[in-house]
Amino acid sequence: MSPQLSTPSKVPFYRDIRTLKWALQVLALLAVFALLYWLYGNYQENVAKSSIQTDLRFLDNPANFTIPGNDLDQSQPVRDAFVEGFLNTLRVAFIGVALATILGTLIGIARLSKNFMVRTLGTVYVELVRNLPLLLLLTFMNLAVVLQAFPRIENAWLPLDLFVVSNRGIAIPWFIGSPAQLGIGILSAALIAFVVARVRIRQADKSGKQDRAWLFGIITFLVLVVLIWLLFGYGWELPYVDGRGTTGGLRLDPSFFALVASLVIYTSSHIAEIVRGSILAVSRGQGEAADAIALTGSQKMRLIILPQAFRIAMPALGNQYLNLIKNSSLGATISYFELTQIAQITVGNGSPAVPAFSLTLLVYLAISLVTSLIVNFFNRRLALVER
Amino acid sequence: MITWIRRNLFRSITDSILTVVSASILGFVVFQVFQFVFVTGRWEIIQVNLKILLVGRFPEELMYLVGFSVLATCFSIASLASGANRTIETTQRLSGRLWELFQRFGLIIATSTFLIVLAGDLDAILFGAYVILSILGGRLFGRARRNTSLRKLPGWLWVTINALLPLILIFLTMGQAALEEWGGFLINFYLAVVSIALSFPLGVLLALGRRSTLPLLRWLCTAYIELLRGAPLFVLLLLAGVALEFFIPASIAPDAIFRAITVFTLFTAAYLAEVIRGGLQSIPKGQAEAGKALGLSTFKITFLITLPQALRNVIPAQIGQFISLFKDTTLAGVALSVLDLLNVGTAITKQDDYLGQGLIYESLAFVGLLFWVGSYVMSRESQRIEKKLGVGIR
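Residue numbers (my numbering), protein chains in the order written: chain C, 1 to 387; chain G, 1 to 394.
Just chain C, same shape as in the assembly:
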């Protein structure tokens, strides 16, 4: 019996799955547009009623406030204040990310230690910090530690006579000279050190000996930095108490210290968990193979486990970095003059709220996008190439 070939009866267009799919999408789009249009219409109406600026012209108005630790003048435009706030956000982000990664990795490893005491210490730290709100840590750091536990300037702590710790901030030794010059010098030293390390690796690949690339790189870097230091005649400057303040060195704002400390403490507890999970996720055979070829404990960690663990941890770490950067907006609650605080002050001074905060949001969005681009770049470099 041959199957009867029936010509499919024509489906009416309103039951055609393709039409339906498009209709659904167009409907969804229309709904979104309708919502946006409604919001925009209300916005226009309300703005017309209260005669408020809607564009970014407010950026040219004088700022009318000063930023502590900065020679920004009151008459300078709001734009400059925003730039300064942006730079302050970046400052917190860079230092926070670097410190949180180091501390988090150490604690993550400590949590897997064979030593019971070290393990307990790591666990207590992670479980204590991870379950507290960041804002609580920040408030604690600001109100209880910096403003209350730190001494007044008259009897400031002077650890090793290098630092001045008081409730007016922490002053650290700093160099004298042009920061840009020194920055370029350090960057080129790092570049040369990197090249030396690469050459070492190539040589070691040929000879089959241990490369010790890190050792060579770091030594080259240090030697070069010392050379630059001596050649260009930089000098140290130690801070000392001078009346009601400190002179010399670099003074870190108390709010800066509180913000960075709480961000680092909070984020490192999350990073520690990621590092721990990633180390556990490295296949057991890798560690056993390292034992089999008689690597020492630290070699095994440094050369076999950690590189692979960081490959696994990279995407999650990137998320934590993004969180840290976005959380730095909480600096506004303790009057650290980062982006959000600047926006809040300008709005308080009469700048229009919607453009000012939208600008702030866009800047954060841009920072997030750039950060995730960088993380994705490293992730692609590190990722295992699979078929």
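Think of the hints as simulated: they come from the structure by calculation, not from any bench.
Check before you lean on any hint, since a few could be wrong.
[As the list claims (entries may be wrong)] Lysine-lysine pairs mimicking DSS-like chemistry, simulated, CA-CA at most 27 Å apart:
1. G/K152 with G/K300
2. G/K387 with C/K114
3. G/K152 with G/K292
4. C/K21 with G/K300
5. G/K292 with C/K10
6. G/K285 with C/K21
7. G/K152 with G/K350
8. C/K21 with G/K388
[What the hints assert, rightly or not] Computed from the model, here is a short list of chain C residues facing chain G with C-beta under 8 Å:
9. L29
10. T247
11. L365
[Claimed, not checked] Rough simulated footprint, nothing fancy, chain C against chain G, three-plus residues with beta-carbon under 8 Å:
12. 18–28
13. 69–75
14. 226–240
Note that the Cβ used here is the ideal one computed from N, Cα and C, for glycine as well.
Starting from the known structure of chain C, arrange chain G on it as the hints suggest.
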């Protein structure tokens, strides 16, 4: 014992040094904490302000509403927990089961006892008893689902029934008392519960939209998720505080608590969508294909086959998201000037009786205790569920 010490503490010289250093750090911290809690801490500031810390200036005559909604929440959580659990329990001795219960909820019980002792009046004791009764009732109700014809109820309906009761009560309570009378831990608790309940369905829809085959829908959902994930919650809350009036008519401009709920819901939904998307991606293609082979519609494949498995696979990550929402409710305090627990905690140290006495340690310790116990118990539960489901075991 001695072998254990030698193996775990003094394996080598470096090991011994590490042991001594970390033991002294740990010992110092523990000593300081004990000294603070039992000797130097002046806890009368907490005792005097206990009501403000917990419920703010909530009117006394409406307190029964708060009580009822807390009881209803306990009831539904207990009933959901024991109704969804379909594994056959091993026959354990009563002592073993009690020990397990103690491990899971000991902290909550201890904290509640501590609060009741601090409050020290009959109402608090009675309330504690009611909470226990409502949890037991919830458990009975949950078990009834497993053993009676209620079993035929679809899962989503079961969840909705359970979630509706506390939500209705909470909204009723919110409507009854004026906003400025709200405060304390009550705000954090309600913000968290309501935002969790609202963000979950939105997150599921966004995740499905992002995985949809319809390009326009996918782009819309992706744009929403990425935009909200790139923005700091604090700035969004500030924006909602000062700029919402511009976008909606003044007649429906909500007060600070509803603004906070809106922002938390929209924000958490974006993160939750990413978590659920991860779950959806972890489901093998064969599952959906099997559904197709059976002739199920796309809708049925999604809601009967892939989504339930996906949600189950990412329960720990979802709970993690809820924990961070719970902790982030403190941001509403500073961004929208809501008198939440943290705000009250710092404000009470500025009362005339306590000003300038350095009592910030005591009050922040109390605030921290409540948040810590809540988050810690939730994260422990999520680890337990993770273990029970066998997710993540290679």
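Any of the earlier hints contradicted here, and which numbers? 7, 8, 10, 13
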